[in-house]
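Peer 1: The listed protein sequences derive, respectively, from chains Z and X. Sequential numbering of the first sequence, starting at 1, is according to this note's numbering. Sequential numbering of the second sequence, starting at 1, is according to this note's numbering.
Just so you know, the hints here were simulated from the structure itself, not pulled from any lab data. Possibly wrong hints are sitting among the right ones.
Just a sample of chain X residues kept apart from chain Z, beta carbon distances all over 10 Å, derived [to be verified]:
1. P100
2. A104
3. T160
Derived list of chain Z stretches under chain X, where covered just means 3 residues or more per stretch with a C-beta under 8 Å from a C-beta of chain X [what the hints assert, rightly or not]:
4. 44 to 52
5. 251 to 262
The calculated label-pair distances, taken between Cβ atoms and stated as ranges, are [unchecked claim]:
6. Z:G400 - X:G62: 40 to 46 Å
7. Z:S213 - X:A39: 49 to 55 Å
8. Z:G248 - X:A90: 47 to 53 Å
9. X:K153 - Z:S366: 56 to 62 Å
10. X:P67 - Z:P54: 39 to 45 Å
11. X:E101 - Z:K200: 23 to 29 Å
Quick reminder that beta carbons are idealized off the backbone N, C-alpha and C, glycines included.
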Amino acid sequence: MKTMVALAVTAAFVLAPALAQDKPAPPPAWKQGMPDKMKDSKLAPHAGKMTETPASDIPISKARLPKGFKAEVWASGLPGGRAMALSPDGKKVYVGTRAIGRVYEVSDEGGKRSVRVVVDKLTQPAGVAFHKDALYVFAIDKVLRFDGIADSSGAQPVDLTEKFNLPKEQHHNWKYVAFGPDGKLYVPFGAPCNICEPPKEYAQIRRYNADGSGMEVIARGVRNSVGFDWHPKTGQLWFTDHGRDWMGDNGPQDELNRLTKVGQNFGFPYCHANGIVDADFKKKDACKGVTRPVALMGPHAANMGVKFYTGKMFPAEYRNTMFVARKGSWNRTTPSGFDVVNVRIGEDGKATVRPFMTGFNESKDSYKFWGRPAYVQQMPDGALLVSDEQLGAIYRVSYGK
Amino acid sequence: MQARRRWAVLLTALFFGVAHGKHEQCLACHGPDGNSLTARIPSIAAQPRLFMENQLVLIREGLRPSPEMFPFVKDLTDAEIVALAKQISALPAKPTQSSPEDPALLKRGAELGRKLRCRSCHLPDYGGQNQIPRLAAQREDWLEPVMQEFRDKPRPGGDTLMAAVLYGVSDADIRALAHFLSRSSAPAPGR
Chain Z
1 MKTMVALAVT AAFVLAPALA QDKPAPPPAW KQGMPDKMKD SKLAPHAGKM TETPASDIPI
61 SKARLPKGFK AEVWASGLPG GRAMALSPDG KKVYVGTRAI GRVYEVSDEG GKRSVRVVVD
121 KLTQPAGVAF HKDALYVFAI DKVLRFDGIA DSSGAQPVDL TEKFNLPKEQ HHNWKYVAFG
181 PDGKLYVPFG APCNICEPPK EYAQIRRYNA DGSGMEVIAR GVRNSVGFDW HPKTGQLWFT
241 DHGRDWMGDN GPQDELNRLT KVGQNFGFPY CHANGIVDAD FKKKDACKGV TRPVALMGPH
301 AANMGVKFYT GKMFPAEYRN TMFVARKGSW NRTTPSGFDV VNVRIGEDGK ATVRPFMTGF
361 NESKDSYKFW GRPAYVQQMP DGALLVSDEQ LGAIYRVSYG K
Chain X
1 MQARRRWAVL LTALFFGVAH GKHEQCLACH GPDGNSLTAR IPSIAAQPRL FMENQLVLIR
61 EGLRPSPEMF PFVKDLTDAE IVALAKQISA LPAKPTQSSP EDPALLKRGA ELGRKLRCRS
121 CHLPDYGGQN QIPRLAAQRE DWLEPVMQEF RDKPRPGGDT LMAAVLYGVS DADIRALAHF
181 LSRSSAPAPG R
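With the rest of the complex left out, here is chain Z:
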């Protein structure tokens, strides 16, 4: 809190009075948490690509999978495509984006896919989810519901924005959204900074009734979660969370968490990963009462989409294990992530993380990537779709002898 106050005071002094009036303290700037020794660092977020990449330019043959699996380009021409939502009849896939502001619909027409833009000009409409026959679209500042969209290309949206009371900061507030087994809509609100004491509406996961009523904060101390799923047997919520930047190449690692009780605290900003105390925001007993992750997911690896596999196509050992897409690091001198991993939980509750789909980055020690896997989606036949946010494509991973 001290730093926010200090910032607010400084802001009040330096800004013209007109600006300082009844404006809340701005979230801390980019250099917050960047130590002096890193002042000449050239690490910067990687560029996104906003133009179409034809399927013929996608080097899918470079993707590596365990024996018996194969990958093909299932759809292309969806720049920025990331989270996927499957229509109830299993025939259409809706895909959210960030900067380019579009939501795509991909239709499977007898072995060929066509892509159309359902809605555009939104501010980072990253969240897409189905509830019965209605598609929910979450932008940073807007919530739209398209009833019966899979059967009607002309479906007009119902604007639900007012019901959800979305806070206004943009950073880390692009969303992954999904309906849980309880029929509620789960929505994360990331910390609007790399590291800060966030204002009270942020760094949490909430759930709502489908109409936006009954809001409840179910997890706190969550820096930036953009992926979750529910265990097919226990019904518990599992979610990925990105570790903070500028604390060195080796951490704090990204987290795979499990919510066992509503209201649990996952540590941000004081306690990260497996009990690493923050370098900038100190507190006595920083890790006391903090729920530790089930698995550490790699430093700066950007673990995103997570899905439990319940299909019949893959070998039985994959049932009820998780696939997690790791989009890949930038705040690290050598790459980490750039793959899809398979996570299994043993009898003892311990997680093992193994590579599943790799080859997106062509060098161990430098950034030479062609694709960035972001989300996974199981299809009715048991195949796994993997979205590549870099090339605006969706790959289909299947198994067969």
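Chain X: place on chain Z using the hints.
Peer 2: Chain X in isolation, oriented as in the chain Z frame:
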């Protein structure tokens, strides 16, 4: 005077604007060699290719509002955008000064650029890379308002980290940054 100049460039642009994917129509506004001669119109020569592709898509999609430029990009295909960005990124950058030099402001701007860690993304020569624009030798009267806009009302599709960089930075400091950046030497094209 300024208004008349803008009308003139608009008309020239319309004249050239018949063929898509030709960068002549763009240079009517952005300067005959991509270095703008018009207040509040940015230079685009030697901008990184990807930065231009992204901004052209955002302007075409109506996410980044530019009423003047929109008619010229609204019907461009992705392939045409890629081709235009490639042509224009290869043009050499030239400084375009719009105010007398102020040594104190210059010094302040250089210090701020270091202190606020602008160089990790825009690179130490402020020449930009990939999705990150060149700032060196850009027009001062473009840099100043565009930074204020990032700080005060970040646009949809805009880079949220870039906005975060300027949280709480005063108008005076933004002026110093713009003054300094516009006078940094022009980097070689082709990024």
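Peer 1: Hint by hint, say whether it matches the structure.
Peer 2: Results for each hint:
1. Every C-beta of chain Z lies more than 10 Å from that of X:P100, the closest at about 24 Å, which supports listing it as non-interface.
2. A cut-off of 10 Å between C-beta atoms confirms that X:A104 is not in contact with chain Z; the least separation is 17 Å.
3. Non-interface call for X:T160 relative to chain Z: violated, since the shortest CB-CB distance, roughly 4 Å, does not exceed 10 Å.
4. Counting residues of the stretch 44 to 52 of chain Z whose beta carbon lies closer than 8 Å to any beta carbon of chain X gives 9, which reaches the threshold of three, so the coverage claim holds.
5. Proximity of the stretch 251 to 262 of chain Z to chain X, defined as three or more residues with a beta carbon under 8 Å from a beta carbon of that chain, is not established by the 0 residues found.
6. Taking the beta carbon of each, Z:G400 and X:G62 are about 45 Å apart, inside 40 to 46 Å as hinted.
7. With their beta carbons about 51 Å apart, Z:S213 and X:A39 fall inside the hinted range of 49 to 55 Å.
8. Against the hinted window of 47 to 53 Å, the Cβ-Cβ separation of Z:G248 and X:A90 comes to about 38 Å, which falls outside the hint.
9. Separated by about 38 Å at the C-beta atoms, X:K153 and Z:S366 break the suggested range of 56 to 62 Å.
10. At about 32 Å, the beta-carbon gap between X:P67 and Z:P54 misses the expected band of 39 to 45 Å.
11. Range check, X:E101 to Z:K200: about 47 Å between beta-carbon atoms, so the 23 to 29 Å window is missed.
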